[in-house]
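Student: Chains as they are written, first to last, in my numbering: chain A, 8 to 248; chain B, 4 to 437.
What the hints contain is simulated information worked out from the structure, not anything from laboratory work.
Note that the coordinates shown come from a computational prediction; the quantities given were computed from them, not determined experimentally.
Hints are all accurate, no fakes.
These stretches of chain A come out as covered by chain B in the derived footprint (C-beta under 8 Å, 3 or more residues):
1) 14 to 28
2) 32 to 42
3) 74 to 88
Heads up, incomplete: computed chain B residues facing chain A, CB under 7 Å, no partners named:
4) R168
5) G225
6) D361
7) Y394
Where is the CB? At the ideal position from N, CA and C, for every residue including glycine.
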Amino acid sequence: MVAESAVRIGVLLPDLLGTYGDTGNAVVLRQRLRWRGIAAHLVPLGHDTAVPESCDLYVLGGGEDSAQVLATRHLNADGGLRRAVGRGAVVLAVCAGLQVLGESFATADGTTVPGLGLLDLTTGRRAVRAVGEVLAAPATDLLATPLTGFENHGGATALGPDARPLAHVRRGVGNGSNDRTEGAITGRVVGTYLHGPVLARNPELADLLLGWVTGIPLTPLELPEVTALRARCIGRHRSRG
Amino acid sequence: MALTAARARVRQRPGCTVRTSPALPARTRLAVVAGLLAGRLSRCCGRSGTVIGGRTASALDPQALARLAAQRTVVLVSGTNGKTTTALMTARALRHHAASVASNHEGANMPDGLVAALIRDGSAPIAVLEVDEPYLPQVVAAVRPAAVVLLNITRDQLDRVGETRMVAARIERAFAAAPELTVVANADDPLVVAAALAAARQVWVSGGSGWIGDARVCPQCGAAIAYQADGHWSCRCGLHRPTAAWTICEDVLSAPDGSHTALRLALPGRANRLNAGFAAATADLLGVPLSAVLDQLRAVTDVDGRYRTVHRGDHQVRLLLAKNPAGWQETLSMLDRPGPHRPSVVLAVNAREADGADPSWLWDVPFEQLGGHEVLVVGDRAADLAARLAYAEVDHRVVADLVAAVDAAPPGPLDLLANYTAFREAARRLCGGR
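If we strip away everything but chain B, and leave its shape as in the complex, we get (with noise of 0.2 Å):
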């Protein structure tokens, strides 16, 4: 890898302050200050500028994105689930390599952020970008990645992803166009595994299955696949599980080299110890060991907003993010924790751009669980919700307004549950400032 002389470019510019490099074309560099300024201005007007700068400059240059990355390391994570925690944690554990790491762990993970992320840490030698699944097959292209983390394939937004097989052929004819990419996967999604199989090399890692909704059919042969009780997976046409080099059951994280650790992350859940071994498997095909990582993913107590923990009157409101049947799975699976009082619960389900405009999947999530939580709805999609809760016999309230239905709990602790853009307002209205 070259980070002996991605290093040495840190060295080279103290301090970190965003510039444009001298390597890049005249239109480029003129893309990027526009960019900047666009960025500038958006924050000045008391918006978030994550995305207008890249959107400007991208304008401005359209080979921005891969003129920008050509200057540094790239790994890319991507994947149903999981990407932004993955990306996270992979960004702190790379800085063990470099003074500063370019990221877009707001979660601007289309191609104008991407080049947003890259403008704004423009000397950063190392970039961790987090890809939306649909953009990944473009942006491989473009940048030509050190590394690809692919966590999961699952359905999500259908009708505007489109299905998860289609998703996944896409994915993978972007992986064998891509020369000596290195693709670290999940070996226990099948869809995954058919994808990174065309990648020049790939490194397993295995969790465990939570969701396999969507892998029942071979993405090679259209053949049923054969689940065993173990978690093997095989298909007649010879596609099988791949032996994992890295894999993590209960809250040990076992590694190539033999050794096993025991995690303890602060983030809670199976989904976020798997993501913590994606990173370390990460770091470690960039030459930073395990021992060298595990307190950066221990620290990581808060991933922009998701599971922070803010106090408003006498709650102590939990943000939890959930945007598909298998996060709502991992989420749900989380919510009883040690303590004398269940959690109230409250479930905001928006259904904006970025959320899908088909509620149906609120019927693949078992909400039948929350029997004995107070759960209160809120939300665009409130009475899609409350129906699928009728019908689960789980008792609910309707409530109009996202911070009403916290108050509306009764005192101790409460997790709010919440789709993607009812999460930016949990976040923005609770936490002040998002």
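Here chain A stands alone, though its shape is the one from the complex (with noise of 0.2 Å):
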């Protein structure tokens, strides 16, 4: 869809799934449409609030087992967010939202509970929480660059056949599998445990879920800080080997 009027991105839940600073993803968006020309809004969804279907991209951060399982009742409850997708709209799921998404995940009691299903993935607990610095190569052609975050999650999360893998780890632990993967792209549904947050470190990825609700080529953004960032972060793992 051609944005002639606003585009509009939904901030899922930043209350009961904003621990990690991933709502700076929903900042990253706007401010990399707004420098292009492109006008666009952020839509605030507390858990208070119906999803409306209507926005053109989503993002939901990461936070704690119990609000997590809130926040799943919710967007179950509500539906919003599933008719959204239904119709097209970008997703951008990151750490306790990638499991929010999945079909399925268990709490730290080990209860299951039934995620939303927009992402084809079922997440288990680690043994050892997953706690550090991220570096993956992309296992899909719609990116070219590496991948940098930082993860902090016990999840170990298994794909399944409707999900390709978002990258492959270098560093780090990922998903958690045993598969070395790190991330799951369902259609326009993407899912990550990478903080940082991870727009912010990885233009690229921004960009491309972007380029998916515009539609048209985005014109490149060169951002001297982002350049220094990204050669920071990865620099230092290729160092450390």
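Please dock the two separately framed chains into a single complex, following the hints provided.
Tutor: Have a look at this one:
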């Protein structure tokens, strides 16, 4: 859809799943559109708000176990996000968000909670929490440059046949199911364990999502600060071997 | 409270020189002597000597913390933000009772640091100790405090401390296991309230909630907490904001006796007025009336270097510490102050062990507010911060060195905002001797 009117970015449940700075992803998306002369605004969608299916793009972040269960119940009962994806909306889901959009996830007390089923993946628990820097090579030809981020999760996520991995882990844990994959893509729904926030560190991924939304080629955007940040994150991993 | 006896102990030992109490077991006395020697040696070698003495003593007597604390009236101060300031204010207030109050104001707030403080002020009958919140449960179990001040529980160094609800749940269990414990607690923070309710007695303090980003889900039942515009909050399970005995509204402190007092602190900001309210409530609990406390609270101008203004070249540099989103939000609100010039701002963010390794939280801080200030960026996380500022459209310059950043700013007032290790560096290099 060409953005004749402003692009609407739905910020899903920042009050429940906004623990790890992931709301920054929405700021990055909006700013990268505005700098290209495309109007965009954020639509905060708290837990007491119905999810409109009219947004072009939705972002969902990470959070604690109980908040994750509450968020999942809310999104399943509301149905707005599922309808939006059904009509082609783009979604970025990070960490707990990735687990919420999957088929199911297990909580710390061993309960299995049904997810939204928008990503073909299931999540169990890891014995040891995965905490630290991640460097990953794209597993899709939609991306050309390495992905960098910080992971902090206790999930072991296995991808089903309808989900493609987003990347292959070079350093860190990622999905944590012994296949060295990181993240998942099903259609225009993208999930990842990477914080940072992920779109601040990986502008190519941001522009992939925005390209899906606008349907037009996006002009390149040079941000020296982001180039320097990537050089530090990626260079540091390489130097450590 | 055992303060009459405490005061008597002080009188028995004029001069308050460091010495071990004869009531201590031989092993602890040996540990104390070794700890004192280790601390002095360390200082002779030019190091701070803050923790090494405690570490030495704890190695020789694993019960050192409990045994040293058993000698005195102990107040613990914990929470994500405001520990050091509140502990300093409380210690000053309690000097009304005792000539000497043991404390760890230099920020060594893990168990070895507490042991070091108790060794250093060996004869002080009262101790006011700030405690890193992940260690609060074990410290409560060891020292049997007269009171615990619990200020707030918000996200901080998620990779090291863990998520807030787990921290709060551990504190709740420790409170439940402590007999006769009184907690002076923040009525506006649901995580604090749920933990404090497990204690035998509570004194509630309220100053309005600045940051509620970590308290949207009920810590007791997992449902969403409902907030009202007036700050009241409640959950369908019954957990709700308790009625506060002490409230702080703007600059006015309202006490349980119905009195209203203008605080008129030297320290800036809403958060420090709240810290002062906690100190006043705690002092009152231990028998020191507000009238005897106010001058002490107002006299605090500098908390281990924080809020201090130092002069360097043509710059008047105010040092401000901020470690996490809630703290940065409060600190950014302190930048605009009366005067013809907007201060320049130096942002110094490190990512060492005491700072946390994940910089994502920078995106939870409303740096957009810095628009119009001259902004300089320095520290391990300068690149992360620069990217954050670029997206916030805040003009900035990245500088390699902290002091060089100060020198590069235009002449005039300058606010230096730093996280933990960056702040230590700033205090050491700009104030000297730290």
